[in-house]
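Student: Please work from the sequences and hints to get the whole structure.
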Amino acid sequence: MSKNPIRVLIAKPGLDGHDRGAKIIARALRDVGMEVIYSGLRQTPEKIVNAALQEDVECIGLSILSGAHNVILPRIMTLMKKKKMDDVLVVAGGIIPAEDIKTLKSYGISEIFLPGTSTQTIIQFIEKYARSRKT
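Residue numbers for the sequence shown, in this note's numbering: 193 to 327.
A hint or two may mislead.
[Stated by the list, open to error] Label pairs and their calculated CB-CB ranges:
1. G308 - Q246: 29 to 37 Å
2. D248 - S302: 13 to 21 Å
3. K195 - P307: 33 to 41 Å
4. D223 - E247: 34 to 42 Å
5. E227 - T313: 15 to 23 Å
6. K274 - A220: 29 to 37 Å
7. S258 - K195: 36 to 44 Å
8. Q316 - T236: 25 to 33 Å
9. K276 - G308: 14 to 22 Å
For the record, the hints were derived by calculation from the structure and aren't laboratory data.
We put the beta carbon where it would ideally sit given N, CA and C, even for glycine.
Tutor: Printed below as a string of structure tokens:
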């Protein structure tokens, strides 16, 4: 990894009380040299976007299990657009039905990682696309 590691915010939006998967992803990203900020449980879209802006991250990873993805994730993307954060890669994971993925991607979420996705797949995706968005 370069001197300037990719900065990633891992966030748990909404009322989810389970963050084991988010912590596993955070550790895997750290293990390959990324700088990871974990925002903790029960974050509002506003807190997530503000933290990403303050931390100057290149990627936001959203973990959602509550079923509120069709409300919360578009709200995050709308707030990011208002703050002109179009250069930040946004990925999501968790319990998201296949029929919702196309709609979520239409809001600007680059990829949705479902349960069972390997950490290596997530790492490779972030490494490939995070820096390319800043140029």
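Student: Please go over all the hints and tell whether each is borne out by the structure.
Tutor: Hints and how they fare:
no.	hint	result
1	G308 - Q246: 29 to 37 Å	holds (33 Å)
2	D248 - S302: 13 to 21 Å	holds (18 Å)
3	K195 - P307: 33 to 41 Å	holds (35 Å)
4	D223 - E247: 34 to 42 Å	violated (20 Å)
5	E227 - T313: 15 to 23 Å	holds (20 Å)
6	K274 - A220: 29 to 37 Å	holds (31 Å)
7	S258 - K195: 36 to 44 Å	holds (38 Å)
8	Q316 - T236: 25 to 33 Å	holds (30 Å)
9	K276 - G308: 14 to 22 Å	violated (35 Å)
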